[in-house]
Every structure is written in structure tokens, then in C-alpha cells.
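Protein chains in written order, with the working numbering: chain A, 1 to 219; chain B, 220 to 516.
What the hints contain is simulated information worked out from the structure, not anything from laboratory work. Hints are not guaranteed to be accurate.
As the list claims (entries may be wrong) - Coverage of chain B stretches by chain A, computed from C-beta distances (three or more under 8 Å per stretch; other residues unrestricted):
no.: 1; region: 222-228
no.: 2; region: 417-425
no.: 3; region: 431-440
A quick note: this is a predicted structure, and the numbers were derived from the prediction, not measured. The C-beta atom is built at its ideal place from N, Cα and C for all residues, glycine as well.
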Amino acid sequence: MIQLFHVKKSYPGDAPVLDDITVRVEKGEFVWLTGPSGAGKSTLLKLLFCAESPSSGQILVGGRNIVRLAQGGIPYLRRNIGIVFQDFKLLDNRTVLENVGYALEVLGVPDGEIRERSLKRLEQVGLDHKAESLPRRLSGGEQQRVAIARALVNEPTILLADEPTGNLDPGLTDSILQLLFDANARGTTVIVATHDRSLLVRYHKRTISLDKGRLVSDA
Amino acid sequence: MIAHVAWRLSRRAAMNLWRAPLPSLVSVLTIGLALFLGASFVLGLFAARALLTSWGAQASVTLYLDKATTDAEARALAQSVRAENPQLEVAYVDRVLALKRLQAELGDLGGSLDGLSQNPLQPSLEVTPREALPPVAVRVLAARLGGLSGVQEVEYGREWLDKLEALGRGLRVFGAGALFTVLGAALLVVANTIRLAVYARRDEIEIMKLVGATDGYVRAPFLLEGALQGLIGAALALGAVIAVQQWLLPRAAQAFAFASGMVAPQILPTHAAGLLGIGALVGLFGSWLAVARFLRT
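When you get a sec, could you build the whole thing from the sequences and use the hints?
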């Protein structure tokens, strides 16, 4: 599903952010991507949805080399990847329903179907009753659930989450992670970047560890 | 599918305008002010040109005839010029009338002419255009009439016309340069104003791109908004220009004697459509420039 071959990412004058990373993630896997701050976790995720391009090496997603992807092909790659961020990235002036439906709008899905599918996702994350609310009226945990619903609404094959529980109270962490496990159980390949080692202890999954841009373990 | 997406993008553009009225208002007013200044400048140039033309028309052409020309021959020539040039007023000034005028112009000294044994003045035809003619046309007319049989000399205020022509040329050069500068500055101001409005929505652009929107899909609502803002701004500018034309120019013409020949240029539907079109294009182009920067990052 996802393969990285000797991937390196560096900026002029700085030490490499990622150095010689070779990793393979199978379809339907759940993978923790961990390491201290500055280890290169976020950069690796950004490479996967083409927000950054590698300095060298090759990256295959779904059998396609995305390093050679033309600029015009990036939106079509991203339609197969759901992305969840630590800071939610919701639009404050759109309702919860509109935020979730955004990912379907760009695909040209008819309005009725957008509403139906968005409500279904909101129901899965337990927020269908807040569909017409604005995000700022929601708690942090609820906003992250909306972001997850948006990431999953077009049924992507891959879900990338960058510190999805980083801004939340510990009590909310489990419920958010459960949504990611649920998505994985439905067949979505999930990669979650986190520096919270307690999560890795509580939920035993394959763990890729980075430190100073290098792969230190994969177990 | 295309109509469906187009409708959705149009709706989104309208909704964005509605949800962020202040940046939209600033853009509309900036475009309106820039176009008003530009359009007023162009109208001012047209009005000044019309004024110059009217001054040129006041310079009549005098055809001095041979002294030997009889009254009958002179009147026949005047009639012939009238018949061939209905746009001209032709007055015959015989030698006696010419002498009387000279005496009147000399005032107290006029009596000195009484002692002349014979009238030294020539009969003449005074030719005046009924409608305003540009200086070049007056010059051509004088050359044509000067070639008529019996005409000995032509006088048409050549120096005056030369100065008018030089003034007209200067006005054209200055006008083109100043207009270019005004419109260039206006476009920069408009592009920057729209850029600020787009910058306020950079999060939206980022999210649209993250969920897989193509550059065209991201750009389209902003372009529609820009065009709509430009159109509204142009409509405001058009209203202001018409108000100036209807209210201010007639009062200016009354207040200043030199501007008495000034005629407010007529604003035709094509001019109005042109201004609205320019407004829409300015808004569209400004948005394009502003969004392109965010799509690159």
C-alpha cells in the first residue's frame, strides 16, 4: 500500500529532517509513527500526501510513485487519503455538516448525497445532533471527531493522523483513538503520528520509531 | 455535472461575499474609486478636446478678393461657396463696409481715413464653420478656399491654430501617460486589496487543497467573487460619473467663462458596458493574482 525507499528530506544548511528511510506499510495495517519532537514524524506524513517532496528516494502509494506525480495529480491522490491534524483545521464559519461535506463537494457529489453521507459519518462519531452547530461551539474532543468524520467521509483507503490527541484532555484520547481503530477495522490503512508513548503501551500495534530523522526501530 | 458544480461554486462565491461583507465592501469601494478616477480622467480629456475644438471653430477664414472684383462677381463667389459647403456661413464684406469697419476700429483716428483719394481695401468673404471644426480641418478648409478663382489671400489665424494644435498634441501625450499611470496604480491597489481579502481566507484554501480540491476548483469561487466585486464597483463608478456629468460639469461651464464652450461628453450604453466590463476584468485579474500566490505555497 505504502512504500518508502531510501527517502531523504533535507533543507539547505540544516541537518536532514529524514535520512535514508525505507519502510513498507501493508493495506489495512494500523501503524504508530513515534519519536520525540523533531524526529521527522510530521515531515514523513507530509511526504505521503505531497505537502512536501523528498530530496531523494522514492515513495509508492497504492503502487504509484508519487515523487514523479505532476502538480495536477496531487488533488486526485489526496482524495484517497484522509488527513487529521492536531489543530483540527475546521472552518469556523461553516457548520459541522458543511465542514464534513467539504471533502465530498470537491468531488462534485450532489447536495443530497453530501448531506446523507456527512450525516452518516457524523452519526458514527456521535455528533449527528450537532450537525448545524459551528465548530467553535464544540469542545476540543468534539472538533477532532468532526475532523475525523471529514477525513473519512469519502471513504479513503489511507488515513493519516498527525498527533490527533495532542490537543485533547487525556480522558478524550481513548474515544478519538477508537474512531481510528474503527476505521482501520473497516479496511482503511491508518498511520498515526504521536510522541505519547503511553498510547503505544496501551494499544499494541506495529510501531515505527524515528529519532533525528533516522529509523531506529520497526516492530 | 458541470452545471451542478458551476451552480455550487456560484452559490459559494455569493455566500462568501455575504459572510465576509467588510473585505468585500473594501474591494468594491477600491475598484469603484479607481474606475471613477480613471473614467473621470478620460471624460475630462474628451471635454478638454471638445473645448479646444470649439476654440478652433471660432477662428473664421477670411478670403481677400482682387480689388478689381465687382460686387456681382463677389456675391456669385459667395453663393458658390455656400452652395458647395452648406456647413459654412459665408458673409460678403464689400470694400465700403471694410473701410467703415476699419474706421470704427480705429476710433478717433478713423477720421484720418477720410482724406484718402481712393479706398485701398479689398473686398472679402468671411467664412465661419457652423459647427466646431478641429484645427486641422480649419487649415485644410483654408487651403481649399484659397485656391478658388478670384481669391488673392487667405487669413485664418494660423498662429492661433498652431498653438491650439500643439496644445492638443500635448494634451494627448500627457493624457495617455497620466491615464496609464492612474490605471496601473489602480490595478495594483485593487490586486493588493483583494489579496488581503484572500489572505484572510488562507485557511479555507489550505483545507480545500487538503481534501483534494484542484487548483481550478479552489480558484473559481474567488474569481467569481472578484468579478462580482468588480462589477458592483464599476456600477458605483458609473453612477458617480453620470452624477458628475449631469450636475458638476454644467455648473463648471456656468462658473468659468473659459469653459463656456465645454460640452459634457455623452455617456453611451457602450461606454457604460465598457466600464462594467473593465470593472469585472479588474476584479477577476486581481483575484487571479491574489489566489495564484496562495496556490503556489
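Comparing the hints with the structure gives:
1. A stretch counts as covered by a chain when three or more of its residues have a beta carbon under 8 Å from one of that chain; for the region 222-228 of chain B and chain A the count is 3, and the coverage holds.
2. Counting residues of the region 417-425 of chain B whose beta carbon lies closer than 8 Å to any beta carbon of chain A gives 3, which reaches the threshold of three, so the coverage claim holds.
3. Counting residues of the region 431-440 of chain B whose beta carbon lies closer than 8 Å to any beta carbon of chain A gives 5, which reaches the threshold of three, so the coverage claim holds.
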